[in-house]
Amino acid sequence: MSDILTHAIAALSKRLSDGFDGTAKFEIEGEGTIMVDEAGVRAGDEAAEVTMIANAETFQGIIEGDVNPTMAFMSGKLKVEGDMGMAMKLGAALS
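With the first letter of the sequence shown counted as 1, position 79 gets the number 1130 in this note's numbering; the numbers rise by one all the way through.
A couple of the hints might just be wrong.
Unchecked claim - Distance windows between CB atoms, simulated: (1) A1094 <-> G1133: 18 to 26 Å; (2) G1091 <-> A1143: 16 to 24 Å; (3) A1090 <-> S1126: 25 to 33 Å; (4) G1136 <-> D1054: 28 to 36 Å; (5) N1106 <-> G1133: 16 to 24 Å; (6) G1127 <-> D1069: 27 to 35 Å; (7) D1054 <-> M1135: 28 to 36 Å; (8) R1093 <-> G1133: 13 to 21 Å; (9) E1089 <-> G1127: 26 to 34 Å; (10) E1108 <-> R1066: 13 to 21 Å.
No wet-lab data here; the hints were simulated from the structure.
As the structure is a computational prediction, the values presented were derived from the model and not from experiment.
Ideal placement from N, C-alpha and C gives every residue a C-beta, glycine not left out.
From just these sequences and the hints, can you work out the full model?
And the structure:
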């Protein structure tokens, strides 16, 4: 597993310490995928209600709180596939 995925899993686990009521997948371009659900955060590539796709720089900014997920989406830096309501719920949990 890449250092970027390891760091992202640790940071997301801290921000979503109670898990997430739904299933989401983060696809970090060129690095891999991370699953978020009621069990927590882990590396994985399973079916999810929503998939969020971004490059490593954008994703790192989102999990560190430097990049607003909504603004990243509106500017095209973050792509969302699947349930937009779930994406908004996850974005609120990360804010």
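Legend entry - Those earlier numbered hints the structure runs against, lowest number first: Checked against the structure, no hint fails, so every one of them is satisfied.
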